[in-house]
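**Q** Each chain is listed here by its residues.
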Amino acid sequence: MNRKGVNSVAVFRCITNNPMILNSGIPQVEYHETDVLSLFRLIQPEIDKGYALLSHPLTGSIRPDITPYKTVLLSAQKAKADQQSLQLIDRAIRYAEDLYSLREKPLYLMWDDQAKKDFQYVDLSIIRQAMEVEQIR
Amino acid sequence: MKLTLNKFYVKDIQFAQKSAFADGILYVDKKELAEYLMEDPNIQSVDFDIARPGESVRIIPIKDVIQPRYKQSGTGQIFPGFVGDVETVGNGQTNVLEDCCVATSGKIVAFQEGIIDMCGLGATYNSFSKMNILVPLIYPVEGLDKHTHEATVRVAGLKTAAYMAKQTLNQNPDASETYEHESILEMGAKYKDLPKVVYVDMVQCQGLMHDTYVYGLNVKGILSTMIGPLEVLDGAIISGNCAAPGHKNATIHHECNPVIMELLKRHGKDLCFVGVLLNNESAMLTEKKRAAYYTSNLSQLLGADGMIITEEGGGNPETDLMLNCRFHEKKGIKTVLITDEYCGRDGASQGLADVTPEADAVVTNGNGNQFVVLPKMDRVIGDVETVKIITGGNANSIGQDGSLSVEIAAIMGSCCEMGYEHMTTRLR
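Protein chains in written order, with our numbering: chain A, 1 to 137; chain B, 1 to 428.
Calculated from the structure, these hints are not laboratory results. Watch out, some of these pointers could steer you wrong.
Not everything, but these chain B residues come out facing chain A in the computed CB check (under 7 Å) [what the hints assert, rightly or not]:
| no. | residue |
| --- | --- |
| 1 | V109 |
| 2 | A110 |
| 3 | H149 |
| 4 | N218 |
| 5 | G221 |
| 6 | A283 |
| 7 | N316 |
| 8 | Q350 |
| 9 | D354 |
| 10 | P357 |
| 11 | P375 |
| 12 | Y420 |
| 13 | T424 |
Pairwise CB distance ranges (calculated) [claimed, not checked]:
| no. | chain 1 | residue 1 | chain 2 | residue 2 | range |
| --- | --- | --- | --- | --- | --- |
| 14 | B | G347 | A | R41 | 18 to 28 Å |
| 15 | A | Q83 | B | E35 | 36 to 46 Å |
| 16 | A | G25 | B | A22 | 19 to 29 Å |
| 17 | A | R94 | B | F371 | 18 to 28 Å |
| 18 | B | D47 | A | Q87 | 44 to 54 Å |
| 19 | A | L42 | B | G24 | 56 to 66 Å |
| 20 | A | R41 | B | D383 | 54 to 64 Å |
Glycine included, C-beta positions come from ideal geometry on N, C-alpha and C.
Just chain A, with the same shape it has in the complex (with noise of 0.2 Å):
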């Protein structure tokens, strides 16, 4: 994965339809209103691009169709489209898609509103502990 040029160039770009990454400090935020299955589509042309998945798309153990919130590094930089990548969001597309057809109504769509602010505070928690382990910023 791409990290070089740490303290002066954008080394990811972060995708999320969380609202609370938005007022956390995290840079290059690409903010998207929709849900993680959506997220993952809007993801996956990207990857096509030749931008390369950093963090795995299914992050933490609250399923896709559980949580209404997701957060997803991606390279800043393009080069030739990585197969890891693609390979991995096709099949979080597809996991994300079996698991959200098992109710006529997914699970995120059930919760409250203090449930949602948890739901975004366990994934900015997930993805600053990532980026403190990966040592990027």
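We have chain A; now place chain B onto it with these hints.
**A** This is chain B only, laid out in the frame that chain A set:
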């Protein structure tokens, strides 16, 4: 190293004026235990409840399940880094309360998971419903941040478990088992004709409610490392994973890790159990690769012929599982993977979020998407209201008769990926 587990079978837990263990009954002085837990200034108040096998009781939400253990002899103390000081464990004698556990309950975030039903259909999906359970209900001081709240509940559970098992000190156990594990050079010489088997214990460290601790250290960002199996039995690995109850590894799963127990029993007979490698499941792909490569490097250094690899959680950890499988197989080391699946109501959907062609020996421990209707219970321990906001159930989906429609993923430990429960795969 040599470790003896002194087993004390618990027939009942009762509240009493004085804590003691006698004739299979664990007596708990609530006041004394509460004072011990409230040494932590983050706890505003604490209460306790008891659930017994067969009772019409539902415990929800559950953060961790812990088997009570306390060291009778040897170095260090149980749960080093939390209850015991940071000192080597895994030797001497450890007293164990069998048929008994602690289940910590508390609302850290607004969405809730983790059910133990003591009777009915739900009770068939985990072993905890057959145990006598002490439930500490931890109420934190106001304004506590979520990370500290989680740590407070986690440590209170460990302290409760140690306090309970401490009541058996200097008593004769009902049974005892001794396990020995030599140095690698020694076992290599002793069992040179036996296949060398290494166990890879994948642990999750990704953030709030998704972390694992070894000797008190959050092992996020570590290079894969090695730990003695007997240390694990003395509580050197602690769960801080509060999400995905059906397939997270609770502390009791680490203490009683079925893969370690089986390998220890067969060590020196039909295989040589070299040791345990800890592989962190990170959220980042570079970390995943680094961990899996480094684990396979260590396996090669250890001269492993075969690996057993267990997963924690689902989704992204499947990538760790498959990378470990691929890198080991490419080095000529045979792998067996242990996991669970989310493959839809009918079991026909893609069960794993990642796969690799080298994964030709995979054991599953159940389908977390299996739907069940759990009957109403007479009593709820924990927070009754949380039944409305658990994964798989909401105010509208609770039946008029009080029954609860959920996936078994909501039931604590139902699809344990270490093989702790009874759902598994067998070749016909």
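**Q** All hints, please: hold or fail.
**A** Outcome of the hint check:
At its closest, the beta carbon of B:V109 sits 4 Å from a beta carbon of chain A; the interface hint therefore holds under the 7 Å criterion. Taken as an interface hint, B:A110 checks out: its beta carbon lies about 4 Å from the nearest beta carbon of chain A, inside 7 Å. Interface hint status for B:H149: violated, as the beta-carbon distance to the closest one in chain A is roughly 11 Å, over 7 Å. Given the 7 Å rule on beta carbons, the hint for B:N218 is violated: about 9 Å separates it from the nearest Cβ of chain A.
A cut of 7 Å between beta carbons decides the hint on B:G221: the least distance to chain A is about 4 Å, and the hint holds. With a least beta-carbon distance of about 4 Å to chain A, the hint placing B:A283 at the interface is held under the 7 Å criterion. Of the supplied interface hints, the one on B:N316 holds, with its beta-carbon coming within about 4 Å of a beta-carbon of chain A, less than 7 Å. Residue-level restraint check for B:Q350 holds (minimum Cβ-Cβ distance to chain A is 5 Å; threshold 7 Å).
With 7 Å as the threshold, the beta carbon of B:D354 comes within range of chain A, its nearest partner Cβ sitting at about 6 Å, so the hint holds. This hint is violated: B:P357 has a C-beta 12 Å from the nearest C-beta of chain A, more than the 7 Å allowed. For B:P375, the interface hint is violated, since its Cβ never comes within 7 Å of a Cβ in chain A; the closest pair sits about 21 Å apart. The beta carbon of B:Y420 comes no nearer than 17 Å to any beta carbon in chain A, farther than 7 Å, and the hint placing it at the interface is violated.
Hint status for B:T424 relative to chain A: violated, with the closest Cβ pair at about 21 Å, above 7 Å. A beta carbon spacing of about 26 Å between B:G347 and A:R41 agrees with the range 18 to 28 Å that was offered as a hint. Take A:Q83 and B:E35: their Cβ atoms lie about 59 Å apart, and the range 36 to 46 Å is violated. Range check, A:G25 to B:A22: about 58 Å between beta-carbon atoms, so the 19 to 29 Å window is missed.
At about 21 Å, the beta-carbon gap between A:R94 and B:F371 stays in the expected band of 18 to 28 Å. Between B:D47 and A:Q87 the Cβ separation comes to about 50 Å, which falls inside the hinted range of 44 to 54 Å. Taken as a hint, the range 56 to 66 Å holds for the pair A:L42 and B:G24, whose Cβ atoms sit roughly 60 Å apart. Checked against the hint of 54 to 64 Å, the pair A:R41 and B:D383 fails, with Cβ atoms roughly 37 Å apart.
Violated hints, in rising order: 3, 4, 10, 11, 12, 13, 15, 16 and 20; the structure is consistent with all others.
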